[in-house]
Amino acid sequence: MKKTSLLYSALALGIGLSLSSLPPANAALPAVVEGQALPSLAPMLEKVLPAVVSVHVEGTQVQRQRIPEEFKFFFGPNTPSEKQNSRPFEGLGSGVIINAEKGYVLTNNHVVNNADKIQVQLNDGREYDAKLIGRDEQTDIALLQLNDAKNLTEIKMADSDQLRVGDFAVAVGNPFGLGQTATSGIISALGRSGLNLEGLENFIQTDASINRGNSGGALVNLRGELIGINTAILAPSGGNVGIGFAIPSNMAQNLAQQLVEFGEVKRGLLGIKGSEMTSEIAKAFKVDAQRGAFVSEVIPKSAAAKAGIKAGDVLVSLDGKPISSFAELRAKIGTTAPGKTVRIGLLRDGKQQEVSVVLDNSANVTTNADTLSPALQGATLNNGQLKDGSKGVAIDNVAKDSAAAKVGLQKGDIIVGVNRERVENITQLRKILEAKPTVLALNIVRGDESIYLLLR
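Residues -27 to -1, 1 to 429 (mature numbering (1 follows the signal peptide of the UniProt record, and there is no 0)) make up the sequence shown, in order.
It is worth saying that the hints were derived from the structure and are not from the lab.
Incorrect hints may have been included.
[Unchecked claim] Below, in silico cross-link-like pairs of lysine-lysine (BS3-like), each with a Cα-Cα straight-line distance of 30 Å or less: (1) LYS324 <-> LYS256; (2) LYS409 <-> LYS364; (3) LYS239 <-> LYS379; (4) LYS294 <-> LYS274; (5) LYS129 <-> LYS239; (6) LYS123 <-> LYS246; (7) LYS104 <-> LYS75; (8) LYS274 <-> LYS313; (9) LYS104 <-> LYS123; (10) LYS294 <-> LYS404; (11) LYS373 <-> LYS246; (12) LYS129 <-> LYS75; (13) LYS409 <-> LYS283; (14) LYS379 <-> LYS404; (15) LYS379 <-> LYS129; (16) LYS364 <-> LYS90; (17) LYS313 <-> LYS256; (18) LYS239 <-> LYS274; (19) LYS90 <-> LYS104; (20) LYS324 <-> LYS239; (21) LYS239 <-> LYS384.
Based on the sequences and whatever the hints tell you, model everything.
See below:
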C-alpha cells in the first residue's frame, strides 16, 4: 500500500534530508506579447523573479538516541538514559524580499532551523550573508535580514483574504537547488487545516507544482503580488501530486511585523474552547450555520468572557470577514497581537450579533490546571522563567487538599518537562496532556533542585 505523507518543501543535504486591498487575482489574465499568439506570464515574472531568493544554510543537528535499559544493569543507575550526537548539515530553500530598503526576507522556519550560517543568493547571482531577525515555530515563518545589501527588489503584497477558489496562482522558488523555477496552477482550496504540522494551520491549497527546495518561496497572483509563502506538499512516497500548501500573505505579513518589532510573535488569546461546526451541532443548537467555530466553553475572566461570548455560540466572522472553521479562527487570533480589539460576529439562539473583544496576552494569562488534566486539579498555572532565563510553566498557587496538592505540587514550582518531553509554556503542556497519557512524570524545578513527581 502506498504511503501518503505531508512534507515540508525544503531541500536538505548531508543528512538525507517553501497591503492593500485589491480585486481578486483572476480578474487579470496573462498578458498578450506582441508577435506571440498566446498570452504569457513572462511580463509578470520579470517583476517577481528579482524578489525571490535562494536560501542556503549550514548548521549542526543534535540527534538523541535512547540507551538500552540493559546497559543500566551493567553500568549502574547513574547511566544516562540517552546519548546525543551532533552532525553537520546543509540545506536549501527559498525566500521572498518584502522590504528592499531594510533587506528583509521572509522564509520558512524549517528552512533556517538550527542554522549556524545563512547565505542568500539573488536572481542576478549576487550573494549575501543573512542574519535571523526572528522565527515562529507554530506558523513556520522566519524573517531574515541581508547584510549590506543594496539595489534590492521587493515583492508587492496582495490581500490574501480576497482570494477565491479558482483564482490563478504561480509558485516561484528554488526546487532541488536547480535555480529559480516558476510553475502555475489555481487556488484549489482555502483555510486548509488538520495537516498535523503541529502548529497554527490556515493554509492556501494550490495545484501549482511545489517541490523540495520551494519552502519559503512565493505564491503570487497574475499581477505578481504575493498571496502566500510556499510551505509544504502532500506527497505519496515523496512525489508531487499537485497538492501544495502556502501560508496566506496577510498572516505572513502580520507575523513579519511582530518579528521586526519584538523579535518574536506575541499571540493574542480569546479564551475559548470549541470545535468545528457540524450538522449535528447545528441541529442540536437550532442554528442555521454549517461553517464557523462552535464555542463549547468560555474560560472565566478571559477576553471572550469579558466581551459576553457564551458557550453554545457559533462564531462566524472576524473583523467582518467570514470564519469557516475553528482552526481558521485559532490561526487568525493566534497571529494577532495581544491588546488589539477585534470584532467577532456570532450566532446565538438563531440571531446574529457582533461583539468587540480586546485580546489577552497568551504569555501572561493565568490558567486553571483543571482545564488541562484532573490530576492537576487545584493548581493555577502561568508561563514562567527559571533563574538562567530558560522557560517553563510556573505554579502560581495550589489549593489546599486539592489533587495537585496531594501529589506534591507546591506554589513556586516550575514544570520544565512531562514524560521526558521539554515544556516551555502552557501551550506545550496542554498539547501533551491532550493525548491523555496514563501516567504523568512531571519534571519540576523547585528552588535549586530538579525533581520528578509521578501522577496517575
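Going down the list of hints, with the structure as the test:
no. : hint              : result
1   : LYS324 <-> LYS256 : holds, 15 Å
2   : LYS409 <-> LYS364 : holds, 23 Å
3   : LYS239 <-> LYS379 : violated, 35 Å
4   : LYS294 <-> LYS274 : holds, 26 Å
5   : LYS129 <-> LYS239 : holds, 25 Å
6   : LYS123 <-> LYS246 : violated, 48 Å
7   : LYS104 <-> LYS75  : holds, 12 Å
8   : LYS274 <-> LYS313 : holds, 17 Å
9   : LYS104 <-> LYS123 : holds, 16 Å
10  : LYS294 <-> LYS404 : holds, 29 Å
11  : LYS373 <-> LYS246 : holds, 27 Å
12  : LYS129 <-> LYS75  : holds, 15 Å
13  : LYS409 <-> LYS283 : holds, 27 Å
14  : LYS379 <-> LYS404 : holds, 24 Å
15  : LYS379 <-> LYS129 : violated, 58 Å
16  : LYS364 <-> LYS90  : holds, 26 Å
17  : LYS313 <-> LYS256 : violated, 34 Å
18  : LYS239 <-> LYS274 : holds, 20 Å
19  : LYS90 <-> LYS104  : holds, 8 Å
20  : LYS324 <-> LYS239 : violated, 34 Å
21  : LYS239 <-> LYS384 : holds, 26 Å
In summary, the structure is inconsistent with hints 3, 6, 15, 17, 20 from the numbered list given earlier, while agreeing with the others.
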